[in-house]
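2 protein chains.
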Amino acid sequence: MSRQSFPLSRVYGLLEPGPVVLLTTAHSGQRNVMTLSWHTMIEFEPPLVGLVLSNRDHSFGMLQASGECVINIPTVEIADKVAGCGNTSGADTDKFAMFGLTPELAAQVAAPLIGECYANLECRIHDTDMVNKYGLFVVRVVQAWIDPAVENPRTIHHLGYGNFMVAGERIKLDSKMK
Amino acid sequence: MSRQSFPLSRVYGLLEPGPVVLLTTAHSGQRNVMTLSWHTMIEFEPPLVGLVLSNRDHSFGMLQASGECVINIPTVEIADKVAGCGNTSGADTDKFAMFGLTPELAAQVAAPLIGECYANLECRIHDTDMVNKYGLFVVRVVQAWIDPAVENPRTIHHLGYGNFMVAGERIKLDSKMK
Numbered sequence: 066m067s068r069q070s071f072p073l074s075r076v077y078g079l080l081e082p083g084p085v086v087l088l089t090t091a092h093s094g095q096r097n098v099m100t101l102s103w104h105t106m107i108e109f110e111p112p113l114v115g116l117v118l119s120n121r122d123h124s125f126g127m128l129q130a131s132g133e134c135v136i137n138i139p140t141v142e143i144a145d146k147v148a149g150c151g152n153t154s155g156a157d158t159d160k161f162a163m164f165g166l167t168p169e170l171a172a173q174v175a176a177p178l179i180g181e182c183y184a185n186l187e188c189r190i191h192d193t194d195m196v197n198k199y200g201l202f203v204v205r206v207v208q209a210w211i212d213p214a215v216e217n218p219r220t221i222h223h224l225g226y227g228n229f230m231v232a233g234e235r236i237k238l239d240s241k242m243k
Numbered sequence: 066m067s068r069q070s071f072p073l074s075r076v077y078g079l080l081e082p083g084p085v086v087l088l089t090t091a092h093s094g095q096r097n098v099m100t101l102s103w104h105t106m107i108e109f110e111p112p113l114v115g116l117v118l119s120n121r122d123h124s125f126g127m128l129q130a131s132g133e134c135v136i137n138i139p140t141v142e143i144a145d146k147v148a149g150c151g152n153t154s155g156a157d158t159d160k161f162a163m164f165g166l167t168p169e170l171a172a173q174v175a176a177p178l179i180g181e182c183y184a185n186l187e188c189r190i191h192d193t194d195m196v197n198k199y200g201l202f203v204v205r206v207v208q209a210w211i212d213p214a215v216e217n218p219r220t221i222h223h224l225g226y227g228n229f230m231v232a233g234e235r236i237k238l239d240s241k242m243k
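Residue numbers (my numbering), protein chains in the order written: chain H, 66 to 243; chain Y, 66 to 243.
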C-alpha cells in the first residue's frame, strides 16, 4: 500500500466506530500481534486511547516491557488472518509468518506496522495506573498512517464467538458533534 | 417493545462492536440523555464498562452525583434523535420531550430506560479513580434488557462530524475467542 501520514487530530474517527484491531508489539528481538476489540478513545489531541488486555495475553508483557505498540486496523479482506491471530499465542507462534502478515518499519516505535492494514497508529504508553487493576493501558498516538486509496473501509466488529459485523452503509446526519 | 432480561455474561457482545449509545441519568428529580461513543468493555462478568465523558457534559455531574446510569443502544431507525441528543444540552433542554424518546422505569437504578432502544444496560458506578484525570468512569452492568425481536440490530457507529457507519452484513469465522 502507499501509506500517507494522517493528522493526529483525526485519529479518533478511525477508532470511535469500534473496529477490531491488530495490536503489534516488539521487545528483545521478538515481535507479536494480537487481536483486540476492547479499546476506547480517551482524548482527541494528543490522541489518547485506552486498551484493555488480559495479563494472560503474550502481548501484555511485551507492551509493558517495551512501552510501545502499533494499533493496526484491518478490513474484512483479511478477516481470516484476524481471527487466526486471536486463536493463537505469540508465546509459541510467529503469527506474522503463520498468517502471512507483513511487518513493516514504523517511524517512531520499534513495533511493526502491518502492511495489510489500511491504517496504522504508532503509540507510546502514556499511563499505567490502571494496568494492575484492569489491564487498561492508556497509550498516546504519536504517528498515524493511512492508505488514502481506501475510502470506505469495511472494518470488522466483534459480536462474540466468531461472529462479526462488517461495516455497512455510510450516512450523514445534521450534527454539531466533533 | 417487549423487553426481556438478557444474561449479564453476554453483555460484552452488545458493546464490543462499538455502537453509539445513549446514556441516561437521573438525579434530584431531573433526568437526562447524552450521546456517547467513547466506551469499552473492561471485564466480561460481572460486566465492567469504561465510559469517557467530558466534565463539560451535563450528564457528567448527574452520573457522578447519582452513581447510576443506563446505557441504551439505538439503531439507525432513530439516528436523527441520537444526533439531536448530541447537539443539545440537558442543562437547558428536556431531550426526552424534544426528541420524542420514551423514558421507562428501570428495575435497579433511577435512570430511565429508553423505550425506543433495542437494548438497555442498567449500571452502577464501580470505580471513579480515573474520573478526575480522564473523565473515565468504570461502571458495572447490574441488569440487562433486550428486545428479542431485533435479530441483527442496525447499530450506528460514529466516524466524526455527523458521519456514521451503519452495521452491515454478519459473518462467522472460525474463532476460539469468546
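Rather than coming from a laboratory, the hints here were simulated on the basis of the structure.
Take the hints with a grain of salt, since some may be wrong.
Any copy, or any two copies together, can satisfy a pair, since identical chains are not distinguished.
List time: in silico DSS-like cross-link candidates among lysine-lysine, alpha-carbon distance up to 27 angstroms [as the list claims (entries may be wrong)]:
#	residue 1	residue 2
1	K198	K243
2	K198	K241
3	K198	K237
This structure is a prediction, so every number in the text was calculated from the model and none was measured.
Okay, the hints, checked on the actual structure:
Taking the shortest Cα distances, K198 and K243 sit within 27 angstroms of each other only across copies (21 angstroms), while inside one copy they are farther apart (31 angstroms). Proximity of K198 and K241 under a CA criterion of 27 angstroms is satisfied inter-copy only: 25 angstroms between copies versus 36 angstroms inside one chain copy. Taking the shortest Cα distances, K198 and K237 never come within 27 angstroms of each other, neither inside one copy (39 angstroms) nor across copies (33 angstroms).
In summary, the structure is inconsistent with hint 3 from the numbered list given earlier, while agreeing with all the others.
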